[in-house]
Amino acid sequence: MRHDHLITAKQLSREDIEEVLDRAAEIDADPAAFGDRHADTVLGLCFYEPSTRTKMSFETAIKRLGGDSVDMGTVESSSVKKGESLADTARVVAGYADALVLRHPSEGAAKMVGDFVDVPLLNAGDGAGHHPTQTLLDLYTIRENAGLDDLTIGIMGDLKYGRTVHSLAHALTNFDARQHFVSPESLKLPRSVRYDLHESGANVREHTDLDDVLPELDVLYVTRIQRERFPDENEYHAIAGEYGIDLETLEDASDDLTVMHPLPRVDEIASEVDDTEYAAYFEQAHNGVPVRMALLDLMMEGQQ
Amino acid sequence: MSDHELRVSKIRNGTVIDHIRAGQALNVLAILGIDGTGGETVSVGINVPSDRMHHKDIVKVEGKELSQDEVDVLSLVAPEATINIIREYEVAEKQHLERPDRVVGVLSCPNHNCITNADEPVETKFEVLDDGVRCEYCETILRDSIAAHIAVE
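Protein sequences, first through last, are from chains A and B. The numbering of the first sequence is our numbering, which starts it at 1 and goes up by one. The numbering of the second sequence is our numbering, which starts it at 1001 and goes up by one.
Just chain A, same shape as in the assembly:
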């Protein structure tokens, strides 16, 4: 990895991605071999929004590399509450830590902080913008289950505000992937993402109905439609119901279909799907640890 910071999946080349995924596979095969790689490394965690998987998997990753983490805590318990700017808080924490992980509700937050800190910065989600470390574990999961070339993937749900969707779509342009986006009209991909996909010559199609494309999919990536995006409760329930899946929905799917979800899910995937061969979403969440270990390992290596 030649990057000082990981802000967006757009900055990742195919070589960058494969380097991380290959390292993650090595870690998966022999985690103990990496147990003291970064014994003196402290990872600073700045989460301005709630997180379970991302934060815990980063904490686990640095501990399994022999290092430790310091955590800003919740916004309510920190000096952010006193009105400190993000730029100031980040600079202070960068003085305590060897690398920073940032999640923030504003788009562009990580890009801005990257200009203020001189330790590696990993964007763990900026508003509706990007979530590149999630994308790397998504790609790892796809590679393990379906392969990354000659891939037909359906990405369904909240494509407008879903940062995992935006990052995944960008990253997949590095591979031979046909991307089908399935969403209600009101939650289609934002103009900025379409622009980039068009510029990169990506093979992209948009649908409002999953049935149009389900039988040809290798991977179906489902995302949560958030209640707060709809002013009307009934409209939310109608839409959310239409873009959820259960065993009946999957009757038309290929036997080899891999179903993924960045989690947390609410009603998008019925629990009856969990025990089928389709379900890869818990495996996907577990992959957060080896992939984030690989990423930290490579980024810290690049600093030496």
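Think of the hints as simulated: they come from the structure by calculation, not from any bench. Take these hints with a grain of salt, some might be off.
Listed below are the simulated DSS-like cross-link pairs for lysine-lysine, each with C-alpha atoms no more than 25 Å apart in a straight line [said to hold, decoys possible]:
1) Lys-10/A with Lys-55/A
2) Lys-1010/B with Lys-1060/B
3) Lys-160/A with Lys-1125/B
4) Lys-1094/B with Lys-1010/B
5) Lys-81/A with Lys-55/A
6) Lys-10/A with Lys-1125/B
Assemble chain B onto chain A, guided by the hints.
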């Protein structure tokens, strides 16, 4: 020009921005941060008949020469404009408008959730595309209403 038309007098030192697309003169003043409070003498012609453009706007500012940053942003809202720097009543310099690669600190981002709208110590930066501009922070693309997002102090 006939005797019935109003003639705007020549300026001694300053800038004449001519051939502005009709209706854009007030936006040009906004880019230049001119609202009268600075004391400059300003003449504005709106919808002035023009042989070349049918109608055009024209702005004359006494005692002010434009910076390159100001010229760059002018090129986004008034690409056809010509700029003459006047010294002692003569045209001392002609500046041509070229679209810049990026504009810094002049436009505000239309995305309220962008970090540049969050009271952080950061200037806006926009990449200039063929048909609009794009925030380098949140990546929002602005096409039709660039002039409405000029950040006036």
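Discussion item. Check the structure against each numbered hint from earlier and tell me which ones fail, lowest number first.
Written reply: none
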